[in-house]
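Chemist: Residue strings, one per chain:
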Amino acid sequence: MMTETTLASPAQAGGAPQTTRPPLLSMSGIDKIFNGDVVALKDMNLDVREGDFISLLGPSGCGKSTALRLIADLIHPTSGRIRWDVPKEPGALSVVLQEPTLMPWATVEDNVYLPFRIQGVSKSKVKDDIRDVLALVGLENFLNSYPRELSGGMKMRVSIARAMVTRPKLILMDEPFAALDEITRFKLNNDLLEMKEKMQSTVIFVTHSVFESVFLSDRIVIMAARPGRVIEEIGVDAPYPRTEEFRTSAEYAAHCRRASDALKHAMDLAQ
Amino acid sequence: MTQTQDLAIDLEERARARRIRNEKIGRWVLPVLVVAVTILVWDRIVKVNELPHYILPGPWLVVEALIEDWGMLSDSLIVTLRITMGALTIAVLGGVGLAVLFTQSRWIEMSFFPYAVILQVTPIVAIAPLIFIYVDSRMVGLLICAWIVAFFPILSNTTLGLNSADHNLRDLFKVYGATRWQRLRYLQLPSALPYFLGGLRIAGGLSLIGAVVAEYVAGTGGSASGLAFRILEASYRLNIPRMFAALLLIACTGVVIFAATSLLSHLLLRKWHESALKRET
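Quick mapping for you: the protein sequence lines, in order, are chains V and P. Position in the first sequence counted from 1, then plus 2, gives you the working numbering. Position in the second sequence counted from 1, then plus 47, gives you the working numbering.
Pulled out of the complex, with its shape left as it was, chain P reads as follows (with noise of 0.2 Å):
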């Protein structure tokens, strides 16, 4: 009897082990596997259909693409890095600086909050032609641009983040005597941190979308064009498969920044917050 309830135990902890592991394995397989097939079926339409190179170029013609034109395209990926990085650094000082001094004052904030908001809602395609008669220099108004569409999501969440710091902890604080700032660095500041981390991964991406787009509608070439620039020019040129090749950068800019941004986001959650505490069962 207690020999055959072993059994039945021991046969339902091997199946959950299996289960986990197929997971585990699938987590990777699966998405790689997706990958391949489509490239195989958008090879297979362009042969089937014979389809021209301009109006959809096989997956081997992208890559020879990007290998051949790689000179040009990789000094656009470095002038694209470069606007998303510095948007997005200075989405974090401003995001997190503006957040501080939203919870310090009141009147701050209700003074200044709708406009944080008006920049958001305002389509970014339609500020930046403005931008662009106003600032001389293209990579300023590039990175202005790219703030303005990825600093709110920082704002928000980090003065939503400094506003929720445990009330508790908070009467601890004043117990004890801390002064605004010794609540601010001790206690605020650490409650906000996984707040800010949800704002910076959105903004991470955000930013990337800012620069291309505020480039997209710049508009002008020259030696310092990122990637956007090059998918214009491209696309007046009929030359589709360095299109493909630019968006490929692109997209993988956006999943490299989305990959950083959540294993930073690990690594300073891990040891505390409940979002990156791995459960037994």
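Just chain V, same shape as in the assembly (with noise of 0.2 Å):
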């Protein structure tokens, strides 16, 4: 049962095939040990594509967020490597973190400006990016603001801009919307496909949401605990855009059921 899944390669997700976009970044073979012995991540490998849009789903210590800051290069794998097929350019990468990790101290402008200041570039010269970008998040009225002023919602919308601010080739996100309530979560889930295509931009996306993974994706990785490893890829392959219409229909549903026997296998196998 688990076969047939895990080959489905979507055709017509996102706007070109799949298999025919030119690729981005490769893991391979990278295990992750910490302090000697904990195996964090085991023999992974993921051919990400530029456009795509992957989830990495899987229960608490699968390694998926390990995953994502080896590819952030915040840690480095124990063996393994990971390579870039595009030139890894300043402001290539962002992340947006479960934690909106804004500055308390920066206006919602100069939060937004950070990619931008660390690469010196100056303010007035990205004065349109970053109102543009917050216009795309809606908070284009509230450029002056402080985090403080802000709800949980509208700092991760911030924190979302921050990341896209520059044009990302890559956005790492590492539950960014897990803290936050379903009304909230729906209405960010549509707004990130909006912007994702608008930005041209390709996301891995760490999530233990089902629903959420698949209304996102055009491809779910399963991931298992103990050791952390990939044990299966599943291929959502409805078209974008996907409205809420997309989030009530039957092949959400169906999508849904795979990605769930596929999680509770992963479960299965970690105990």
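Hint data in this document are derived by calculation from the structure and do not stem from the laboratory. All C-beta atoms in this analysis are idealised placements derived from N, C-alpha and C, irrespective of residue type, glycine included. It is possible that some hints are incorrect.
As the list claims (entries may be wrong) - Here are the simulated lysine-lysine pairs, DSS-like style, with alpha carbons at most 30 Å apart: (1) 129(V) with 318(P); (2) 129(V) with 71(P); (3) 221(P) with 90(V); (4) 221(P) with 200(V); (5) 221(P) with 198(V); (6) 221(P) with 127(V).
Stated by the list, open to error - Covered stretches of chain P, as calculated for chain V (at least 3 residues, CB under 8 Å): (7) 204-217; (8) 221-228; (9) 313-322.
From these two lone chains plus the hints, build me the complex, please.
Modeler: Written out as structure tokens, the structure is:
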């Protein structure tokens, strides 16, 4: 039953057929061992192509966040390698974490300006980019607000705006909506897909929500714990743009069932 | 039913507003009242017991001394203020500078932090005589003493602040390829600001204490004498009203320094930091 779902390769996902999209990044034979004996990740292989929306889905302890941190180059693999197929220039990679991670002393505008500031780009030069990306997340009127004045959902929008302002090739998202209420989360899911299309970026999205992963991604990578590893990959071949109708369709329900079964299998393996 | 409910809510609201208003007034009126009562009791005790002014002068005598000796006392006040402000400035520069060095290199921190602690825990009155032996200029000696007392809270608070930058933000800076300098400038220094300001509030008071204590130890007079020397001098001459007047000036200086550093802290943090935010309820 599992094998039938593993190789599904969605033909119409995104714009171009997935297999013909240019490669962006590949992880091959990645092991990550912490403190000499804790195997966080074992023999992970993943090919990321431009325009992919990949979800890493699995129980806690399956190494999905570790995988993300490896790609972000925040930690280094114990063995194996990560190869970038495009030049990794500054601003090519950005992250959104579970916490909005905003600088409390800076205004919304300055928070979004941060990636440019680190690149040494003057603010006057990117003023329009900042405005545009904030308009995209619906916060164009909050340029001069401080993070404490915003709700949880709005803070996360600023965080996403900051990640997108440099038009990165790849955005890594580590359970960004886990702490939000369901209504806010649905809204942000929709907006995220819209923004991804506009910015033509690639997303790797860590989540423990089956529903979220099916709604958002064209590829779901199921991971198991102890040791953290990839056990299968599911394709979600529903076309984009996906809207609220997709959320209530029979197709969505079927994909959710498949992903749930695979996740259950992953949980069984870990025991 | 609803009307009585509304009425109840209304009454409750009004009671709350009244309570807040009373508290606001009380914050100013009560301390002033306490001072007034204290002065009155002081005055009565002196009058009723017919205490001689070289034991306990009445409050009016102190005010008189303050006005009469204002020329001399104000000169001394300026000297004390100069030492205090000088020491505080060096404490800020030295404390923040050392804290930045410490966070940039663990080796430097390991080498020098113990000495910072030793300087802090050794009573200044024990070091001061030595300093005055080796340092020729009295002013420089006083500055060094006041600095030793004042710099530690700034150093330790700023170090703590620099190290407590949000680790997620650190990761973010790393992902964006920030240099060490950028991380310091845009992440660690702003994170450390509330801690630094807390240290500054303590150091402001301490530098005044340092200035006064050092002058007690230095003990020599002359034209450039601070308030501490005026107190010593007045005590030799049994001029108790002047002692009180000088003491009053020192206390006021301390209060002004505290108020100024608190105001600075409020102005810098009011937009974003928890400590400066007013809660609605």
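Chemist: Indicate, hint by hint, whether the structure satisfies it.
Modeler: To see whether the hints hold, each was checked on the structure:
In summary, the hint linking residue 129(V) to residue 318(P) is supported, as the alpha carbons are separated by about 23 Å, within the 30 Å threshold. With a CA separation close to 44 Å, the supplied pair residue 129(V) and residue 71(P) exceeds the 30 Å bound. Distance check on the hinted pair: residue 221(P) and residue 90(V) sit about 14 Å apart at the alpha-carbon level, within 30 Å; holds. For the suggested pair residue 221(P) and residue 200(V), the alpha carbons sit about 26 Å apart, so the restraint of at most 30 Å is met.
Distance hint between residue 221(P) and residue 198(V) is fulfilled; the C-alpha atoms sit about 23 Å from each other, no more than 30 Å. In summary, the hint linking residue 221(P) to residue 127(V) is supported, as the alpha carbons are separated by about 23 Å, within the 30 Å threshold. A count of 3 residues in the segment 204-217 of chain P with a Cβ less than 8 Å from any Cβ of chain V is obtained; the coverage claim is therefore met, three being the minimum. Counting residues of the segment 221-228 of chain P whose CB lies closer than 8 Å to any CB of chain V gives 5, so the stated coverage by that chain holds, three being the minimum.
With 3 residues bearing a CB less than 8 Å from a CB of chain V, the segment 313-322 of chain P meets the requirement of three and the coverage assertion stands.
Hint 2 from the list above is the single one not met by this structure.
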